[in-house]
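Protein sequences appear in the order of chains C and P.
Quick note on this note's numbering: the first sequence kicks off at 6 and runs consecutively.
Quick note on this note's numbering: the second sequence kicks off at 5 and runs consecutively.
The hints are simulated quantities; they were obtained by calculation from the structure and are not laboratory data.
Cβ atoms here follow ideal geometry from the backbone N, Cα and C, with glycine treated the same way.
Do not rely on the hints blindly, as some may be mistaken.
[Claimed, not checked] Now the in silico label distances, taken between C-beta atoms and shown as ranges:
no.	chain 1	residue 1	chain 2	residue 2	range
1	P	Leu119	C	Gln135	54 to 60 Å
2	P	Glu115	C	Leu115	54 to 60 Å
3	P	Glu115	C	Ser202	37 to 43 Å
4	P	Asp164	C	Ile183	45 to 51 Å
5	P	Pro221	C	Val218	57 to 63 Å
6	C	Ile21	P	Val12	41 to 47 Å
7	P	Lys109	C	Val203	50 to 56 Å
8	P	Gln176	C	Glu29	37 to 43 Å
9	C	Ser32	P	Asp127	24 to 30 Å
[Said to hold, decoys possible] The list that follows gives simulated cross-link-like pairs (lysine to aspartate or glutamate, EDC-like), each with its CA atoms no further than 16 Å apart:
no.	chain 1	residue 1	chain 2	residue 2
10	C	Lys22	P	Asp128
11	P	Lys207	P	Asp92
12	C	Lys22	P	Asp92
13	C	Lys22	P	Asp191
14	P	Lys79	P	Asp92
15	C	Lys84	P	Asp27
16	C	Lys22	P	Asp127
[As the list claims (entries may be wrong)] Calculated from the model, a selection of chain C residues having no Cβ within reach of chain P, i.e. all distances over 10 Å:
no.	residue
17	Ala8
18	Val36
19	Phe47
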Amino acid sequence: MSAFLRSTAAIIWKDIKTEWRTRENLSAMLVFSLLVILIFNFALELDLRARESLAGGVLWAAFIFAGTIGLNRSMAVEKDRGCLDGLLLAPVDRSAIFVGKAVGNLLFMLVVEAIVLPVFSFLYGISVFQPGFLAVVLLGSIGYSAVGTLLAAMVVQTRTRDILLPILLFPLTLPVVISAVKASQGFIQALPLGDVSVWVNILIAYDLIFLAVAIMVFDYILEE
Amino acid sequence: MITVKKLVKRFGPITVLRELDFDVNSGEFVALLGPNGAGKTTLLRILSSLMRPTSGTVQVASCNLPSQGASLRAKLGIVSHQPLLYGDLTAAENLEFFSKLYSVKTKRIAEILDLVGLYPRRDDLVRTFSRGMQQRLAIGRAILHDPSLLLLDEPHTGLDQAAGEILDRILQDVALEGRTVVMTSHDLVRSAGLASRLVLLSKGKISNSLSTVDLEPADLIDFYKTGLEGGRS
Numbered sequence: 006m007s008a009f010l011r012s013t014a015a016i017i018w019k020d021i022k023t024e025w026r027t028r029e030n031l032s033a034m035l036v037f038s039l040l041v042i043l044i045f046n047f048a049l050e051l052d053l054r055a056r057e058s059l060a061g062g063v064l065w066a067a068f069i070f071a072g073t074i075g076l077n078r079s080m081a082v083e084k085d086r087g088c089l090d091g092l093l094l095a096p097v098d099r100s101a102i103f104v105g106k107a108v109g110n111l112l113f114m115l116v117v118e119a120i121v122l123p124v125f126s127f128l129y130g131i132s133v134f135q136p137g138f139l140a141v142v143l144l145g146s147i148g149y150s151a152v153g154t155l156l157a158a159m160v161v162q163t164r165t166r167d168i169l170l171p172i173l174l175f176p177l178t179l180p181v182v183i184s185a186v187k188a189s190q191g192f193i194q195a196l197p198l199g200d201v202s203v204w205v206n207i208l209i210a211y212d213l214i215f216l217a218v219a220i221m222v223f224d225y226i227l228e229e
Numbered sequence: 005m006i007t008v009k010k011l012v013k014r015f016g017p018i019t020v021l022r023e024l025d026f027d028v029n030s031g032e033f034v035a036l037l038g039p040n041g042a043g044k045t046t047l048l049r050i051l052s053s054l055m056r057p058t059s060g061t062v063q064v065a066s067c068n069l070p071s072q073g074a075s076l077r078a079k080l081g082i083v084s085h086q087p088l089l090y091g092d093l094t095a096a097e098n099l100e101f102f103s104k105l106y107s108v109k110t111k112r113i114a115e116i117l118d119l120v121g122l123y124p125r126r127d128d129l130v131r132t133f134s135r136g137m138q139q140r141l142a143i144g145r146a147i148l149h150d151p152s153l154l155l156l157d158e159p160h161t162g163l164d165q166a167a168g169e170i171l172d173r174i175l176q177d178v179a180l181e182g183r184t185v186v187m188t189s190h191d192l193v194r195s196a197g198l199a200s201r202l203v204l205l206s207k208g209k210i211s212n213s214l215s216t217v218d219l220e221p222a223d224l225i226d227f228y229k230t231g232l233e234g235g236r237s
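Next up, chain P with everything else stripped away, as it sits in the complex:
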C-alpha cells in the first residue's frame, strides 16, 4: 500500500527526513512513534500529498507522489490533531459539505454520524462540541468516502481518558473494515493496543520496527530505547 525509498525532506538548511525507507502492507495498522521533531508529521504530510518531498520515491495506493496526488486523494482519509471541520456548521452540515466534495451520497452521512456516536448531536454546531466529539466527527469526515488508506496524525492529542477510549473503539472498528491505517502517536501503550506493527522514527530515519503480536511490556521499552539509541548513532 505504501512504499517509500530514500525519502529526503529539507526545509532550508534543516533536514527533517534523511533517506528514509518505509513500507506498509495492505490492511496493516502501523503506529509511527518517535520523539518531537522526529519527522512523523512531515512524513504523513508527504504521504497525503500535502507536501512535496525534496528527493526519493513515494508510492501510495499505486499512485506515485507528488505527480499523482490528485488520483490518491479519493483513496485517502486523514485525521489530524486539528479537526479539519468548520466550527460554524453543524455536524451534519460539515459532512454534507465534504460529501459534495467527495461525490458521496447523502444517505452515508447518517450512517457515519451513527458510527461515531454523534447522530443525536447532528444539528449542533461543531464549535459547541468537546474535543473528543470533534475528533470523532473528524474520523467520520475522514472515512465518509470509504477510503482504503487512513492517515492519523496524533489523533489522541488533547483527549481525556474516556474520550481516548471511545476514539480507540472507533479506530478499531475502522481498521477491522480492512483499511490500511498509519497513525502517528506519542503514546506507546495505546499504540501497541491498536496497531499491528510499531515503527519508530528517530532523527529522520526509521530506527526500529516491531510486530505487536504476543508483545510483552518489557519488549515495548526495549523497542523504544534501542530505536532511539540507533537513531542517535
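Isolated chain C, as found in the complex:
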C-alpha cells in the first residue's frame, strides 16, 4: 500500500474508532436531523401537496445542518490536545490528511442519512429507495463533506469557529445544496430523467472541482 493510502486509511480508522467509543458526533447529528424532519412533518401535516413539493428541501436542510455539526466537531477533536500539530508534523502528504478527514466526515454523514432516510420515507409517505435518488444523496454529501472539511480546517484555529464555519460554508455550498434539492425533488416527483440530469451534472462537476481545489490548497490553509 502506498504511503498516501496508508496515511489516509490510518486517519479514517482513527476517526471511526474514536467516534465508536464516544458516539458524540453521530448522536448529535442524528438527533438534530431527525428533529428537523419531525418538526417539518408536523408543520406540513395538513397540506399534502406542499408536503410533496417541499420534501427534498426538508431532507437536505436536515442533512446539511447535521453535517455542519459533524464538520465542526471533527476538526475540534484535532485541535484539542494539539493533535492537529501531531498530524502536520508527520512526514505524510498533507492532502492525505484532507482526504482522510473528508472521507471520515462523509462516512458519518452517510451513516446519519442511512438512518434518517427510512424514517423520512415512513413519515412523508415518499419512496426514496431508488438508485437515482440515492446517487443524488451520495453526490451531495461528497460535495458538502469536501468543502466542509476544507473550511473546517481553515477556521479551526479561530476562537469563533462554531459561528464562522456555517457563515463561510453555506454560501460556498449553495450550488451543491440547490442542485441536490432540485435533483431530489425531481426524483420524488418522478420527473423525466432529462429534467433531473442537469442538476445531477452540476453536482458531479461541483464535486470534481471542489475536491481538486481542496486537495491543492489544503497544505497552504493549514500553515500558520
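Assemble the complex: chain C is given as a structure, and chain P must be docked to it using the hints.
Relative to chain C, chain P alone:
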C-alpha cells in the same frame, strides 16, 4: 544540526524574533531558557516547520526551511506542553496510529511503551492517564520513528516532582542515544542538570549561552541575570 541566521518573525505589528542567530551541533542537548513572551515557542515552531519565518535563513538537519519542511519531518520528533495524543484512543492505539503515519513497524510500539514505562497500561485510554503519564507517552510518540532531532517545548509543565523526575530520566536516556535535543524551559536548575548547554532568549534575541560542564550554582544566577540585562539593552 541547526543553523539559524538573522531570523525575524513578526505577527502583524509585533516582532517576536529579532535577527536571531542560533546554532546547535549534532548530539548536543540545548536548553532554551527565557521569560514568558521571549519567543521560545515561536522559535521551536519555526524549527519544526510548523511556522514560516518572516525573514532570515533556517537550516535544520540539512533541510532549508520552510521549503524543505516535508523532508525534515521524518527526522524530527516534537514534544509540546500539549500531549499531541488522542484521549479516546488507548496508548497502544495512539502509537499504532502514528506508526502508520511514520511508516514504522508495529513491533517498535511495544519497545517504546516499555521504554516510557507504560507497557502495563497500553490498553487504557489516554484520557484516563495522569499528566505525567501523558507526557511520557508523548515522548514515546516523538521518538517512535527514531528521529535524529528532538524538540521539547516546556515538557515539564504541569508535572509534579515525581513525574518530573521520571520524565528527566527518560529524556536523559533519549539524549544518550546520540540525538540532538533542544528543550525550552523555565526551570533553570532542572535544565542545567539535563542539558549540555544553556541558551537564554530575551526580547527575541539570544542574549547569553553557557556550557553546563563544571557549572556552579552562582554561575547559573549570573548567566540568567546577565542575559536578561543584555536582552533589555
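Exercise. Hint by hint, work out which the structure violates, then give me just those numbers in ascending order.
Key: 2, 3, 4, 11, 13, 14, 15 and 17
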